[in-house]
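Q: Sequence:
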Amino acid sequence: MNFYAKSKRHILKPNEKETVEKAYSDLIEEMGDILSKAEIAALENEKNSIINAVYEEQKTLREHLDETVKCAEEFFEQYGKYFVEKEKNLIYTACRYHDVGKANLVFQANISDDADKKYKNIEQVPHGFLSALTLSLDELQTKFDDITNDDFRCLVTAVYYHHTRDDEFKDAEIREFSNKYFKDCFNEFSEISDWKTKIGNRCELLFRNSNIEPNDIVKEDLWYEYMLIKGMLNKFDWIVSSGKIESEEKIDLKKKELINNINKRYGKSLRVVQQYMREKADSNVVIIAPTGSGKTEAALYWINGEKGFYTLPLKVSSNAIYKRIREEYNFKDVALLHSESLQKYIEESADEQEKYAEEKSAKEKFEKTKMFSAPLTISTVDQLFLFVYKALGTEIMAATLKYSKVIIDEIQSYEPRIVAALIYGLKTISQMGGKFAIMTATLPPVLLDFMNKYGLIKNETYCFGDFSAENVMQRHVIKLYEHEFDLEEIAEEAKTKKVLVICNNVRKAQETYCLLEEYTDNVYTLHARYIKKHRKILEKNIMQFSENRESIGIWVTTQIVEASLDIDFDILYTEMCTADSLLQRMGRCNRKERYIPLKPNIKIYKTENAKRQVKNRIKNTGIYYRDLFERSWECLGVYENRIFTEEQKINYINEVYDTEKIVNTEYYKEIEAYLEYFQKLPVNELSKMDGKKKFRMIESVSVMPNKIYNENEDFIEKYQSEIYDRHLGREAKEILKTKLDELTLSITIYNKYSKEGIDGVIKKTDIHRTDFVYDFDEETGKGIGLSKTEREGNIL
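If you count by our numbering, then the sequence shown holds residues 2 to 797, one letter each, in order.
Just so you know, the hints here were simulated from the structure itself, not pulled from any lab data. Please note: incorrect hints may appear among the correct ones.
[Claimed, not checked] Cβ pair distances, simulated, as ranges: (1) E793 x K600: 31 to 39 Å; (2) N261 x E793: 31 to 39 Å; (3) S701 x G201: 42 to 50 Å; (4) K89 x S701: 19 to 27 Å; (5) S50 x A470: 39 to 47 Å; (6) E174 x E19: 42 to 50 Å; (7) K537 x K459: 38 to 46 Å; (8) Y83 x D467: 44 to 52 Å; (9) E30 x T521: 20 to 28 Å; (10) A674 x K600: 39 to 47 Å; (11) E189 x I458: 23 to 31 Å; (12) E19 x E140: 41 to 49 Å; (13) K89 x Y596: 55 to 63 Å.
Here the structure is a predicted model, which is why all the values come from computation and not from measurement. Idealized CB from N, CA, C, for every residue including glycine.
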């Protein structure tokens, strides 16, 4: 009997090709006015790919298993030095056996044209379960004398759950299925005659994906070993199933193309922090280095051509670093990984295909990015550290980081939940064999103490370098006020300067913007309550305003500019916030030391709104922890009316976040609680989707203002008619979703009152209508965005 690995590829018939052709042609014709050239090109390419697909022989199960092993062999030729022999042998064994459970009559009936159809409607036992029951500890120990029973348990669990499947089967049910439909087939496939179902292997599982049996906490060393085997098996299996054989794109270790390109552009005269990172390339590193010290290049020197991940807090900053590496350093083997990666690839695809004849399609680049295949990936942390939630399907992340280097940029900018996830994740990576570097302009000492508590010990686990004293830039003089903004002064300053006003929440930014409009027309605002299409326009506008030396005027913003945009203003007016955010805000003023201030250029106001923005757990409102907010204010006064040096900023942070002084604060207790949560979290208590939600833990809804809905009703109807069209491929649907998403904004739900005005889900979407007034003029770049205080009337 022929055993196959998957169904035969469906090749379109002439009438089906005509239907696909028409579906894409209609889409381009009806939406051509809102599609970019790159998007139209992507649609044309996808259409041609579907129509011109050629017949392929159905792959046999033996071919698939052999190719999976070959994929592993080729991987270890490049990355073998990161693995011990036992780890390789366990991974090879998983590759050889993971799909043998497909050699059963029921599975074959469902994927083969010539199989007996009487088996088609029988409930299947997942093939991974059956595959795991073919493994034998005795046979493994005969081949490899260092395999222990614990190793076998990790291997069995990895094969058993290499696909995430519910497991509510009883032993008797699996044994019956095996005896009827699998045992004889496996004997034939494996060319043995005496194999019997090893149902006892189920007792060796580290955990069960079952609602019936609660999971215990798995010992850490076994969990790490399981993640390694399962993650690498998934990587090789998925790559081979996609028709490829190389699981990693070309490594940069020998040519060191990226490092050479940096050297060509900037010369070999390295800054102190860059030299330090290059010398510590074989170690874990934590460094404090101020803005302008060359941290990005230092990080790339530390990676030194090895496989690397560069993580940043926001998609905007990830996009900027990705673009910089591709364009400034001319290194095109870099990938971008976040929730909008595919659209980003589509946007750049037309231009890239003109530059590079061999450039991959947007879809192919995206698929490889999701498999963590690029030599260097720029990512948001949620794409890499989900494995801390111990959800099935996230093991490939930890396994990949074992042979990689990961950079955490600006760790202090994350909230306690994510800080805890990162510390726990770095501990896992370190113990599995991977390397990490934390780079930050300011590092609260409390974070080092938490790292130490969880086994990441200074001068033992990692090297520590503080380069704050190296920076002698004189950029800031601060002044403190306990009253509201002086709007008349702000307007007067804007006659000759670039003035940045940062408020702690959107409502305050909108109010300040409207009040300043009474003084001057040269005022603009940027915050999170614009639809994405308009927010992109505003981000582009503020960048151009910042870069143009002749520009003067006012921009009123919220904390969204703290870390995401590389802007440089002459003077900053800001509401008081906690020390870490405050220093980030200062970095938007006189960023490049264009002048040495003789009088205050950082004006900090402890407004009534700022006082109200401390966290209130009962009402579930506020941004900043009260204790840290007050400490940040109290510790700041000694630095008034004189140059606030980079070294003094570190002293300020160290004082505010002194562990002994904040050990009883809510901030400290929240990090501590989440670290304990990760430590004690049972395996598979959460799904991968639940993990994604918990990582950010912000309850929000996507909304579309009625005004925007009415202006785009024809497109929305087109979207609703096309999004489930089976003749359209993934890129087409991604383009449709992106175009719709550009018309929305995200509203955070703090409590029942914040849901007011949000109702009526748009058909075939998860987007809500809102009747709050929306105000923005695309030509002038003016308008407050979504009001949340003024209603149009009832939602239709």
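Q: Each of the hints needs a verdict: does it hold here or not?
A: Verification of the hints:
Distance hint for E793 and K600: a CB-CB separation of about 46 Å, inconsistent with the stated range 31 to 39 Å. Taken as a hint, the range 31 to 39 Å is violated for the pair N261 and E793, whose Cβ atoms sit roughly 58 Å apart. Checked against the given bound of 42 to 50 Å, the beta carbons of S701 and G201, roughly 48 Å apart, stay inside it. The hint said 19 to 27 Å for the Cβ distance between K89 and S701, and at roughly 44 Å that hint is violated.
For S50 and A470, the hinted distance range of 39 to 47 Å is not satisfied, since their beta carbons lie about 57 Å from each other. Between E174 and E19 the CB atoms are about 47 Å apart, so this pair conforms to the stated range of 42 to 50 Å. A C-beta distance of roughly 42 Å is found between K537 and K459, which places it inside the suggested range of 38 to 46 Å. At about 30 Å, the beta-carbon gap between Y83 and D467 misses the expected band of 44 to 52 Å.
Between E30 and T521 the beta carbons are some 46 Å apart, a value that contradicts the proposed interval 20 to 28 Å. A hinted range of 39 to 47 Å for the beta carbons of A674 and K600 is consistent with their spacing of about 45 Å. For the pair E189 and I458, the supplied restraint of 23 to 31 Å is violated, since their beta-carbon distance comes to about 56 Å. Checking the proposed 41 to 49 Å range against E19 and E140 shows it is violated: the Cβ atoms sit about 55 Å from each other.
At about 59 Å, the CB distance of K89 to Y596 agrees with the hint of 55 to 63 Å.
Of the numbered hints listed earlier, those contradicted by the structure are 1, 2, 4, 5, 8, 9, 11, 12.
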